[in-house]
Amino acid sequence: MAPSQAGYAPNLDKFLKSLKGQTLEASTESLIYLLKRKQVTGDECANATARMLLQVVAKSKWHDVDQLLARVQSTGSRLARAAPHEPVIGNIVRRVLGLIRDEATEDRNADEMSESVEDIQALSVPASPPPPRPHPGLIRTQTAGGSVVVSKSMFNLLSVADTADLPTTTSTPMSQAQPASVSTLRSEVIDGIEEIMDEISQADDQIATFADIQISPGDYVLVYQPTRTVEKFLVKAASKRRFTVFIAGIEPPHNGAAEAPYSALRKKLNAAGVHTICLASNGLMAYIPRINKVVINAKAVYQNGGLLVDSGSSIAALAAHAFSKPVIVLGGVFKFCPEDPSDQVKSGEQGSASSSVTYAEGAGVDALEVENTVTDYVPPELVDIYVTNLGPQTRHHLASILADHYKPEEMVLTMQLGDA
Amino acid sequence: GRRPSILVAEKDVRSGIPECFSHVPMAKRASTSQAHKDVHSAVLAVGQQMATFAIKDSIARLEATLLAFRKVIESYETPKGNSLSRHFVPHVLNPQIEYLTECRPMCFAMGNAIRLLKGMVNKFDIDTDETEAKEDLLEAIDVFIRDRITLAELIVARNAAAIINRGDVILTYGRHRLVEKTFLEAKQRGKEFDVSIIDDPYDGGGQELAKSLRRAGIRVFYSPNLGGLRPNVERAANVFLGAEAIFANGSLQAPAGTADIAMAASNAGKQVIALCETINFDRERVSVDALTYNEIDPERNTAESFRLLFDNTRDRFITGVITEFETGTGNSPAQAI
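Respectively, the protein sequence lines represent chains A and B.
Take the first sequence: its letters are residues 30 to 449, numbered as in the working numbering.
Take the second sequence: its letters are residues 824 to 1160, numbered as in the working numbering.
This is chain A alone, in the form it adopts within the complex (with noise of 0.2 Å):
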């Protein structure tokens, strides 16, 4: 997960870096703090919510579920709120509270269940989905140690359950359940907890792969501000591929800045024989005619299938769609929310002013309201396709791909995540 290019937010690494050194208490605040001052952003998020919720798990006391889902509720809550424009935060947070009731009513079911060891013995494959058993909702597979392990829904596909770490809970006697259970839970969830940072970090990568069947050669695709998300994919793509690519987004000049930025992207696009135009434009519907295919990052994907974008991208989707041109979103499935946007998404995160008004300026700027949004949602009527590290989707699927990553306890979370 180390940034590859220099000063891709070294506050981050920072932050992680002194993760062993700090208390809980201490951690939480400089997460906060550097959440607050968008010293974290976008995919960063999901990766520091991750690691702190690692830390509660392993630092804080607790001595049951409950207590345990409290904690990392209650920590979830507060870094939320830190960050209410970044939706992947309050995913996160749920993923790691579904984690943890799936272990917890593992653990429990595995002691109710020593004695029926043998049944199941008798019957699976590993890793194949057994035949219907009369336990709703959860699907086991037989472990050579005679464990019985939760396939953790969609998102431990990708990862190997490394089975011999768990402790064989079949033997421990009901009346020592609740300590045994206490560090076996622990070492679960942070397993559990592992497997997403590994989901987060592997994500673009994944999305990568399907780069060069969505690019054809001679396509000119359009890019708005690109993340290492867009970066990677359109790597990939030149690997494979010879395409032109308009990158929109440019910053306009302030205080004399350079104007044509992403050099690395773009020397890296070059030598792989795909061109590379810098837009320094605000408006796109002049290049669209140009352009056969859109590719944008999403921050955040909404139930209804909508957008949190940066505040360009929006731009680019709406261009393109005027005139029929694809609009290609990529997002890691940790990025869906299984909620749907608010007013206050919909209407856009106002930055600061004062970066494109000088106020030395004097007069007449002192009375003007400056609105400098910075995020902006784009409807899921803009969005073609949805890549995913598990895929391309369209909009009809995103609620399958919720419902194998939410569980229903964790999708009325909204409310105490997101106001509060």
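The hints are simulated quantities; they were obtained by calculation from the structure and are not laboratory data.
One thing to keep in mind: the hints can contain errors.
Lysine-lysine pairs mimicking DSSO-like chemistry, simulated, CA-CA at most 27 Å apart [what the hints assert, rightly or not]:
#1 A/Lys375 - B/Lys1093
#2 A/Lys265 - A/Lys354
#3 A/Lys354 - B/Lys1093
#4 A/Lys322 - A/Lys375
Over the 12 Å line for every Cβ pair with chain B, so calculated as not near, a few chain A residues [claimed, not checked]:
#5 Ala111
#6 Lys297
#7 Asn311
#8 Asp369
#9 Glu438
We treat Cβ as the ideally placed atom computed from N, Cα and C, and that holds for glycine.
Given chain A, put chain B in place with the hints provided.
What follows is chain B alone, placed relative to chain A:
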């Protein structure tokens, strides 16, 4: 020896332009020393101002050109054995036009005016007295500037201001002369309304407009870029956009970004009103996208940083066009040009 040197210079300037935009023209600073010896000093000055975008919008360019041509006519003397109607256009006017076009591609308003001027010269009888012809031409230019520029601006502003209702929020893009005039006119008539300005960060004209409106006591919301497009559109009652030109098929040529706003506003069911003097109408050319008639920003003409100056707004995104003669849709026949 003039031609080759210009071609070489032009090639150098254009070498960075990406292949897919290599057909789009671009303004360039043609050195005054390379100009044809017959180019009038007033035209040389105007040409330089156009090349550097000191004179930028179509009407400003038109007016500057006409005033410079006035000087050309004043200083013109028909050579012995020639008549003004035969000699003036090919030997005097054309080199001026050629030079201006070299500095920056002509806008449609200039093209229209020049056609009218040439038509007038051609109509002179071969025996027309030179002084009389010159006076006629000068007067025609004055009338033209008065009717098609000065009065047109007043009338468009008055008609557009009439559409503004009390309490409206009017959205506009960048700074356009007619739009600014309209807001000031409406305010002067005692209308209470707010203006929401979306600026082009590569131009910054919107900030100037904001200041001018603030001075007039109008409440202004200012967005430095298109980022806040959707919320801005939702808040607006109407959208007023200034046009650089309108094609025969009703498409609008306007500063890049205009089409994005018109489309978003039209999708949201808002009225999109374009303001344009009839002299900017082109009745011969059609354009359905921004790649047919456009200009490359000479400051940003490489793959590292590229920008088109205009975009093309299809008539389906425009509710109406207000001109000095009539108000209608983009492709309704405006008064003959």
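Comparing the hints with the structure gives:
1. A/Lys375 - B/Lys1093: Within the cut-off at roughly 18 Å; holds.
2. A/Lys265 - A/Lys354: holds (22 Å)
3. A/Lys354 - B/Lys1093: Roughly 24 Å between the alpha carbons, so the hint for A/Lys354 and B/Lys1093 holds.
4. A/Lys322 - A/Lys375: The given pair, whose Cα atoms are some 24 Å apart, holds under the 27 Å limit.
5. Ala111: With a cut-off of 12 Å, A/Ala111 remains clear of chain B, as the shortest Cβ separation is near 23 Å.
6. Lys297: The claim holds: A/Lys297 sits with its nearest Cβ about 15 Å from chain B, beyond 12 Å.
7. Asn311: violated (4 Å)
8. Asp369: holds (17 Å)
9. Glu438: holds (34 Å)
The earlier numbered hint that this structure contradicts is number 7, and it is the only one.
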